[in-house]
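Colleague: Order-wise, the sequence lines are chains A and B.
Start counting the first sequence at 22; every next residue gets the next number (the working numbering).
Start counting the second sequence at 11; every next residue gets the next number (the working numbering).
In case anyone wonders, no lab produced these hints; they're calculated from the structure.
Note that beta-carbon positions come from the ideal geometry of N, C-alpha and C, so glycine has one too.
Please note that the accuracy of each hint is not assured.
Just a few of them, taken from the derived set where beta-carbon distance is under 10 Å, the chain B residues facing chain A [to be verified]:
1) Pro87
2) Phe90
3) Leu104
4) Ser105
5) Asp109
6) Arg112
7) Arg117
8) Ala120
9) Leu130
10) Pro132
11) Glu142
12) Pro179
13) Ile204
14) Arg272
The calculated lysine to any residue pairs, modelled on SDA-like cross-linking and capped at a C-alpha distance of 25 Å, are [as the list claims (entries may be wrong)]:
15) Lys153/B to Gly171/A
16) Lys153/B to Gly254/A
17) Lys152/B to Pro265/A
18) Lys153/B to Arg257/A
19) Lys152/B to Gly171/A
20) Lys48/B to Gly171/A
21) Lys232/B to Ser54/B
22) Lys153/B to Ile258/A
23) Lys153/B to Ala242/A
24) Lys153/B to Pro256/A
25) Lys48/B to Ala242/A
26) Lys152/B to Ile258/A
27) Lys152/B to Ser70/A
28) Lys153/B to Leu259/A
29) Lys152/B to Gly254/A
30) Lys152/B to Ser261/A
31) Lys152/B to Ala255/A
32) Lys152/B to Leu259/A
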Amino acid sequence: MTDPSALYPPAAAGADERIHPDSETALEAGTEGPPGAPQQADKPRSLTSDAWHDLRRNPIFIVSAVIIVVLVVMAAFPGVFTNKDPRFCDLNLSRQAPSADAWFGYDVQGCDVYARTIYGARASILVGLFTTIAVTIVGGLIGMIAGFYGGWIDSVLSRILEIFFGIPLLLGGVLVLASFPSNPGTPQLVTIGKVVIALTILAWTSLARIMRSTVIQVKHADYVSAARALGGGAPRILRSHVLPNAVAPVIVYATIVLGIFIGVEATLSFLGIGLQPPVISWGVAINDASTYIRQSPHMLLFPGALLTITVLAFIMLGDAVRDAFDPRLR
Amino acid sequence: MATTDTFPAPEAEAAGHAPLLDVDDLQVEFRTRDGVAKAVNGVSFSLDEGETLAILGESGSGKSVTALAVMGILDSPPGFVTGGAVRFRGQDLLSLPEDERRAYRGRNIAMVFQDALSALNPVFPVGWQIGEMFRVHEGMSKKDARVRVIELMERVRIPAARERIDDYPHQFSGGMRQRIMIAMSIALDPDVLIADEPTTALDVTVQAQIMELLRDLQRERKMGLILITHDLGVVADVADRISVMYAGRIMEKAVVGEIYARPSHPYTKGLLESIPRVDLKGQDLSAIQGLPPSLTRIPPGCEFNPRCPYAQDICREKRPALLEVVPGRFSACHFAQEVLDGSI
Numbered sequence: 022m023t024d025p026s027a028l029y030p031p032a033a034a035g036a037d038e039r040i041h042p043d044s045e046t047a048l049e050a051g052t053e054g055p056p057g058a059p060q061q062a063d064k065p066r067s068l069t070s071d072a073w074h075d076l077r078r079n080p081i082f083i084v085s086a087v088i089i090v091v092l093v094v095m096a097a098f099p100g101v102f103t104n105k106d107p108r109f110c111d112l113n114l115s116r117q118a119p120s121a122d123a124w125f126g127y128d129v130q131g132c133d134v135y136a137r138t139i140y141g142a143r144a145s146i147l148v149g150l151f152t153t154i155a156v157t158i159v160g161g162l163i164g165m166i167a168g169f170y171g172g173w174i175d176s177v178l179s180r181i182l183e184i185f186f187g188i189p190l191l192l193g194g195v196l197v198l199a200s201f202p203s204n205p206g207t208p209q210l211v212t213i214g215k216v217v218i219a220l221t222i223l224a225w226t227s228l229a230r231i232m233r234s235t236v237i238q239v240k241h242a243d244y245v246s247a248a249r250a251l252g253g254g255a256p257r258i259l260r261s262h263v264l265p266n267a268v269a270p271v272i273v274y275a276t277i278v279l280g281i282f283i284g285v286e287a288t289l290s291f292l293g294i295g296l297q298p299p300v301i302s303w304g305v306a307i308n309d310a311s312t313y314i315r316q317s318p319h320m321l322l323f324p325g326a327l328l329t330i331t332v333l334a335f336i337m338l339g340d341a342v343r344d345a346f347d348p349r350l351r
Numbered sequence: 011m012a013t014t015d016t017f018p019a020p021e022a023e024a025a026g027h028a029p030l031l032d033v034d035d036l037q038v039e040f041r042t043r044d045g046v047a048k049a050v051n052g053v054s055f056s057l058d059e060g061e062t063l064a065i066l067g068e069s070g071s072g073k074s075v076t077a078l079a080v081m082g083i084l085d086s087p088p089g090f091v092t093g094g095a096v097r098f099r100g101q102d103l104l105s106l107p108e109d110e111r112r113a114y115r116g117r118n119i120a121m122v123f124q125d126a127l128s129a130l131n132p133v134f135p136v137g138w139q140i141g142e143m144f145r146v147h148e149g150m151s152k153k154d155a156r157v158r159v160i161e162l163m164e165r166v167r168i169p170a171a172r173e174r175i176d177d178y179p180h181q182f183s184g185g186m187r188q189r190i191m192i193a194m195s196i197a198l199d200p201d202v203l204i205a206d207e208p209t210t211a212l213d214v215t216v217q218a219q220i221m222e223l224l225r226d227l228q229r230e231r232k233m234g235l236i237l238i239t240h241d242l243g244v245v246a247d248v249a250d251r252i253s254v255m256y257a258g259r260i261m262e263k264a265v266v267g268e269i270y271a272r273p274s275h276p277y278t279k280g281l282l283e284s285i286p287r288v289d290l291k292g293q294d295l296s297a298i299q300g301l302p303p304s305l306t307r308i309p310p311g312c313e314f315n316p317r318c319p320y321a322q323d324i325c326r327e328k329r330p331a332l333l334e335v336v337p338g339r340f341s342a343c344h345f346a347q348e349v350l351d352g353s354i
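Same shape as in the complex, but just chain A (with noise of 0.2 Å):
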C-alpha cells in the first residue's frame, strides 16, 4: 500500500470542502430555530438529539411530562401522597361529602375516595404501561416482518391484521373477558394480566399498521440497496438499517395510545368486567359512584378527573413527541 500522504499532503486533499459541523445548525437557528437559543457548537446532532431539543422548549411537552411523572411516582409510591390506608372502610362514613379530615369525601363503603384514587392510579398505569409495551411488540414484529418481506408474507399477515382490525376494541374486550370472568378471588396481577392480554389481542392491529408502511417506506431507500451491496444480511439489515429508521411514528402512536389504554380499562372495569374489586383503579371506583351520581357526586368527580387528566397527559405527550419527531412539521 502507498501512503497516501505522500501523494496528497492531507492539507490540500479537499480541505475546503469540509464544512463545520456547527455552519449548518447556525444556519438552522437563524432562520427556524427560536432567537436566542444557542446551539451547542461541535456537538453531533441525530434524529433522537434533535427531537430533545424541541421537546424540551415546548410547553405542552413539560406540562404532560410533569403529570406524568407525578402520576408515575403516585402508582410507585403511593404512600408518599397519602397516610391513609384505602382498604380500611367505615360504614358509619359512607357517601359523606368532602371535609377537612378527607378531602374527596368518602365513598359508599366509607372508605376514603383520595387514598383510593391515589391508590388506584398503580392499576390504571400498569394496564396502560404493559399494554403498551405487548402491543407495540407484537404489532411492531408482526407490521416489520410484513413490510419487510412483502410478497405472500405480507398477504397472509395482512388479511389477519384486517381479521382484528374489523373487532371494535372495547366489544372485543367485553367478549374476552366476559369469557374469561375474574370473581374477587383472582390475584391482582391476574386480573391485570387478563384485561392486557384481552387489550392486546384486539390493540396491535393499528401498531403493525403504521409499522409496515413506515417499513415498506424504509425498504426502499437507498442505504437499505447500499447495505445489501455491501454483504448484509436480511436480519442485519432489519435490526441496524430499517427498525431504528422505521421505529419513530411507531414510538409516537405509543404513546398515545398509552393513554386509551388506560381509558379503555377504566370503561370495562366500569361495566365490571375489567378490573374488579378487590383491585382498587379508578374504573372501579366510577363503577362504584355510578349509582349515586345524583346524591353523592363527588365519588365520581375524583376518580373521574384524575381518569381524564392522566389520559390527557399521555395524548398530549403523544402529539409533542410527534411533533418533534416528525421533520415535515417543522
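Chain A is fixed; fit chain B onto it per the hints.
Modeller: Chain B alone, transformed into the frame defined by chain A:
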C-alpha cells in the same frame, strides 16, 4: 494500464485465463402492470484486475440495472434476471443460492451509490456505519474496528478523521459523504468495485477529486473498476475501455481514446456532438433528435433507428449484432464501417 495482465485465479480452469468479472449475455426485465420492460437485453462485458471499464449511457439505458443485477440486489419483484451469466473468477454468481452469493458482496464485489446522502443511514454516525463492515464481516471488536475506520477515513482523505468519526451523514458536505461511501465499499478490499454515477450529485471540482481518489485506490489495490456514468467528460481521464449502452444493449465497445476520436456508432457520434465545445461557441448545439424508446415497446430492428439520422430500411427490420469493426472495436450498427470512416 494493466489490461493485458494475467493472474493466477484460484478457480481458473486448466485453460488458464478466467477474467476477474465476466458478464455474458445478461438479460433483465421488469414485470410491471404496463407490461414487461426489457431493461437489459444481452449485455456482455469482461473486466480484468486493475482495469477500468466505463459503462456510458443516458437515463433509462439500463446501466444502473446492469450494476444491480451484477451485484444481485435487484428488487425482485418487479425485476428479474431472465438470462445470461455473471462470472466472478469463473464462478457463476447467478446460479448460487442467496446466502452463498451474499458472501461475495462487500468482500469480492462492492458498490458505490450515486447519492451518498441517501445511501448512508441517517440515524447512525458515519464511523459506526463504516465500522459495521469490520464488525460484521471480520468479527472485530468495536475498539479495533474504530482504529481501522480512522485509517480508512484518512485513506479516502477526509480531513480530521479522528474528530469527525462520530458525526452524522447530514453533517458532511456532498464530496465528503461520497468519500465515506467509498471508504465503506473498499473496507473489505474488494476485487471489483462498481461505482454507479459516483460523481453525478457533486459539483465539478469535487467530481474531479472523487474521480482522482477512485483512480488512486484502484491502482493501489489492483481493483477492477466499473464506472457507470452518463458523463463523457468523467470517463475520458479514468477509463481504459468504454461500453456505450442504449435501450438495454451495448451499442459500441472500444478503448477510451479511439471512441472520442472516431466513433463507429451513430449514437456515440450523436453523444459526442452534443457536448458543448468552446471552439463552437455561439453556434447551435446539436442534439440527438427524439427520446429514448420506452422499454416496454422497443422498436423492431435497431433500437436506435427512430432517432438515427442514417437509418435505412434494413435498420428498421434487422437488429444489428455487436460485431468487431476493426480489431478491438465493436459496434452494433449495419453501417459501422461507414460511420467509422466518416463516409456517411
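Colleague: The structure should be examined with respect to each hint, and the outcome stated for every one.
Modeller: Against the structure, the hints come out as follows:
no.	hint	result
1	Pro87	8 Å, holds
2	Phe90	14 Å, violated
3	Leu104	16 Å, violated
4	Ser105	19 Å, violated
5	Asp109	8 Å, holds
6	Arg112	6 Å, holds
7	Arg117	6 Å, holds
8	Ala120	6 Å, holds
9	Leu130	6 Å, holds
10	Pro132	7 Å, holds
11	Glu142	7 Å, holds
12	Pro179	9 Å, holds
13	Ile204	8 Å, holds
14	Arg272	34 Å, violated
15	Lys153/B to Gly171/A	37 Å, violated
16	Lys153/B to Gly254/A	23 Å, holds
17	Lys152/B to Pro265/A	19 Å, holds
18	Lys153/B to Arg257/A	20 Å, holds
19	Lys152/B to Gly171/A	33 Å, violated
20	Lys48/B to Gly171/A	24 Å, holds
21	Lys232/B to Ser54/B	22 Å, holds
22	Lys153/B to Ile258/A	22 Å, holds
23	Lys153/B to Ala242/A	29 Å, violated
24	Lys153/B to Pro256/A	23 Å, holds
25	Lys48/B to Ala242/A	24 Å, holds
26	Lys152/B to Ile258/A	18 Å, holds
27	Lys152/B to Ser70/A	23 Å, holds
28	Lys153/B to Leu259/A	24 Å, holds
29	Lys152/B to Gly254/A	20 Å, holds
30	Lys152/B to Ser261/A	15 Å, holds
31	Lys152/B to Ala255/A	22 Å, holds
32	Lys152/B to Leu259/A	20 Å, holds
The structure shown violates the earlier hints numbered 2, 3, 4, 14, 15, 19, 23.
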